[in-house]
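Read top to bottom, the protein sequences are chains G and W. For the first sequence, the numbering used here assigns the number 1 to the initial residue and increments by one for each residue that follows. For the second sequence, the numbering used here assigns the number 1 to the initial residue and increments by one for each residue that follows.
By construction, these hints were calculated from the structure, which means they are not laboratory data. By construction, the Cβ of each residue, glycine as well, lies at the ideal position given by its N, Cα and C atoms. Hints are not guaranteed to be accurate.
Unchecked claim - Over the 10 Å line for every Cβ pair with chain G, so calculated as not near, a few chain W residues:
#, residue
1, Arg122
2, Gly156
3, Ala177
4, Glu203
5, His280
6, Leu303
7, Gln375
Stated by the list, open to error - One-sided and incomplete, this derived list gives chain G residues near chain W with beta-carbon spacing under 7 Å:
#, residue
8, Ala37
9, Val40
10, Trp41
11, Phe88
12, Leu119
13, Gly123
14, Ala226
15, Ser230
16, Leu236
17, Trp240
Chain residues, written in single-letter form:
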Amino acid sequence: MQPLFRRSVASEAPTVPVSEASAAAPAGPVALPPAVAAAVWRGDALGRPVGTTWPSGFDALDAVLPGGGWPGGALTELLLAQAGTLEFRLAGPLLGRIAAGGARVVLVGPPRPPHAPGLLPHGIPPDALVWVRADTVAERLWATEQLLKAGSCGAVLAWLPQARPEQVRRLQVHAAASAAPALLCRPAVAAHEPSAAPLRLLVQAGPGWALQVQVLKRKGPPLAQALTLSAPPAGLPAVWPARLAEAGRPVADRPVAGRPVVTVPGEAVPAVVRAEVAEYRPTVPVH
Amino acid sequence: MSVLPPHNTAPARHGPATAVRDALPAALWAALAVAPHGRSASDAALQALAVWALQFTPRVTIAEEAVLLEVAASLRLFGGTAALRERLWPGAQELGATALAWAPNALAALALARAGVEDGLRAPLATRLDPLPLGVLSALRPHGQTLSHIGCRTLGDVRRLPRSGLARRFDAALLRALDQAYGHAPQTHEWVALPERFEARLELPHRVDDARALVFGARRLLLQLAAWLAARQQGATAFTLHWAHDALRSRGAGEGGQLTVRTAEPTRAVEHLSRLLAEHLVRVALAAPVGDLRLTADAVHSLPQRSDSWLPDEARGQEPLAQVLERLSARLGAERVLRPRLCADHRPEHAARWQPVGEPLQPGARAVPPPAWPQPALLLAQPQRLPVHQHRPHHHGELQLLLGPHRIESGWWDRGSADAGRASPGASGEAQNTAVAHAAARMGKAADAPLERQGGHAQCPPGPSGCTRHAVRDYWVARSARAGLLWVFQTRLADEPAWYLHGHFA
């Protein structure tokens with residue numbers, strides 16, 4: 001193998017962990033001893049997380065995250081245009097996995113009251129859920145800090161609409177002491193501010209059921225293009241009709257205003273009733 | 001009262017220090033002097049220190065201005081002399097101890113503590129005691145002048161005098177004290193008994209104006225409480241801090257106040273208790289400066305000890321989540337740190353009830369089946385009425401209805417004045433399933449149907465029976481271009497059907 005070729009392989013495949021990359025290709029003029037090579041993080045390879053990682057439930061996302069999942073013992077920022085719109089669709093698999101392990105998930109200051117039956121499909125039973133109704137910024141920061149410092153909860157999901165960089169840095173220091181993943185939901189405008197969180201994701205609603213995730217910052221080379229993850233709300237695919245799964249795709253042909261089309265679960269509603277519904281709602285624009 | 005055998009042999013015969021360390025004496029005494037030599041200590045301070053010391057050994061006695069502990073039997077439990085000292089000395093210092101000494105018998109430990117010599121174990125006891133001045137043994141004090149006149153300045157000088165002459169010229173107490181200190185004669189002790197009820201008092205060194213500053217004084221009392229609990233193998237679930245106002249107070253201030261702190265689980269961790277107390281004290285406003293503190297244990301329960309594990313514990317060094325949540329509840333208020341309890345109700349706003357984390361679940365809470373229909377992760381506290389343009393609901397743009405309708409008709413029995421989440425007779429029996437989840441099209445038939453007000457949230461049937469929380473709604477999963485996936489409903493049986501936003505599939 002030519003050294004040049006090896007190097008190009010390492011740079012084209014950012015998903016290879018650094019240990020493998022350095023073992024397979026001792027790139028560079030000097031071959032480092034194995035102990036040193038393991039400790040050196042090359043800028044073109046994905047870094048190794050300090051703590052454990054949790055699979056995110058999305059293969060495409062796992063492939064670009066250092067360690068192959070959400071990092072534990074570190075902050076992860078989810079930057080959203082509007083709080084309370086996409087969080088659980090993205091982080092639900094993680095929270096469900098943690099709740100399945102018997103740990104508790106603490107929500108600090110969600111923008112709207114959480115709905116316990118709605119979190120059941122994510123795999124979060126009521127026993128594993130704690131809602132901290134902290135209203136002011138100081139209270140949210142304090143509560144999050146206490147939870148991270150103790151390090152005994154399964155995961156912390158905190159909404160911090162206003163947090164200064166030094167406050168986030170303080171949280172990151174405390175998060176490093178615990179093993180639990182800590183997710184901060186912040187507004188999308190915070191993307192322009194510096195942040196101490198090692199992982200920052202800009203999350204937007206994509207076409208259909210998809211989520212557009214842009215990795216703004218990670219321990220590794222920057223990722224130019226956004227990821228598109230198919231993330232329908234948990235529990236919905238179990239009951240929707242097949243055509244609705246397709247409806248998640250970009251809708252090209254919207255129904256004409258005069259001819260409404262009702263989308264209902266096929267097994268629950270006979271066709272006759274469906275027609276009746278359409279009759280009774282001539283003005284309702286459905287799908 | 002008990003008599004310990006003399007135990008002079010072990011240190012004296014082994015000679016070198018290393019040998020003494022390997023073969024620990026049959027008895028090991030620690031002396032904690034509360035006041036400097038020559039001054040008397042207050043009974044309260046001695047008693048507090050003695051009760052605190054009972055967590056290390058049941059054999060604790062008070063001798064003049066010091067507390068003496070017999071700890072030979074506790075060495076293995078606490079991991080050796082060094083580890084025991086690490087636990088004993090900082091705590092004792094917080095409670096006012098000024099000197100610590102170790103010796104194979106009580107009187108020697110007391111003498112060493114008075115002289116400021118800590119270690120009486122490493123060398124043979126006689127070589128440690130011989131250079132000490134006469135005053136360290138109380139029995140020698142009355143004869144101090146006589147002894148100094150005949151040229152005796154240290155214990156060694158007195159010991160070298162002929163015994164028969166000493167016995168003839170001085171009283172018997174002197175020889176007995178010498179023999180006891182050097183380990184040639186047995187000693188008797190009266191052990192301190194553990195009080196049945198805990199109550200500790202502390203006079204603050206200065207007046208305290210701010211309630212938050214009371215924590216520093218209360219911490220000393222909490223240390224005693226923790227030791228009292230440790231000696232009884234118990235943990236507290238409630239304790240009360242009483243404070244008495246200073247004598248120079250305004251007339252309307254009253255005698256003082258009190259604050260009861262409760263914990264969910266029995267505990268005796270001083271750090272947790274003091275932090276909890278601090279959170280509660282933040283919200284206390286003192287009517288007058290405080291000069292006196294008193295701490296009582298109100299509810300104690302036995303606390304089983306967990307065996308230590310050989311394996312490295314993953315959770316070591318972590319604070320249990322229950323304690324963190326307790327702290328959050330103390331600062332934010334118990335009604336703001338919540339956990340859900342599912343209720344068998346088809347109305348989404350009544351399907352879960354949030355209760356404080358510390359409260360135990362009701363015993364009658366049954367397992368509630370998960371909803372068959374997808375429900376949003378976040379629910380609005382009050383349904384938000386959506387504007388309708390051209391007969392279409394709008395929320396940050398026109399809504400696209402994806403899935404539905406999911407009909408809910410329930411709650412006719414629920415009086416508006418009643419407790420919102422109270423289990424009602426209709427909801428308790430699954431057979432009376434009044435919620436209808438089907439997509440039927442029978443609308444407008446019931447002319448006598450109750451009118452809907454407030455977006456289907458509460459209905460007032462015509463008549464004198466009052467309002468009920470009857471909900472008749474058709475739920476849809478909708479998509480908004482900017483607000484994501486929403487859960488909206490349309491009221492039925494109303495004068496004018498209206499659209500409401502009720503949740504976010506976040």
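Evaluation of the provided hints:
| no. | hint | verdict |
| --- | --- | --- |
| 1 | Arg122 | holds, 40 Å |
| 2 | Gly156 | holds, 56 Å |
| 3 | Ala177 | holds, 54 Å |
| 4 | Glu203 | holds, 34 Å |
| 5 | His280 | holds, 16 Å |
| 6 | Leu303 | holds, 19 Å |
| 7 | Gln375 | violated, 4 Å |
| 8 | Ala37 | violated, 28 Å |
| 9 | Val40 | violated, 29 Å |
| 10 | Trp41 | violated, 26 Å |
| 11 | Phe88 | holds, 4 Å |
| 12 | Leu119 | holds, 6 Å |
| 13 | Gly123 | violated, 11 Å |
| 14 | Ala226 | violated, 17 Å |
| 15 | Ser230 | violated, 13 Å |
| 16 | Leu236 | holds, 4 Å |
| 17 | Trp240 | holds, 6 Å |
Violated hints, in rising order: 7, 8, 9, 10, 13, 14 and 15; the structure is consistent with all others.
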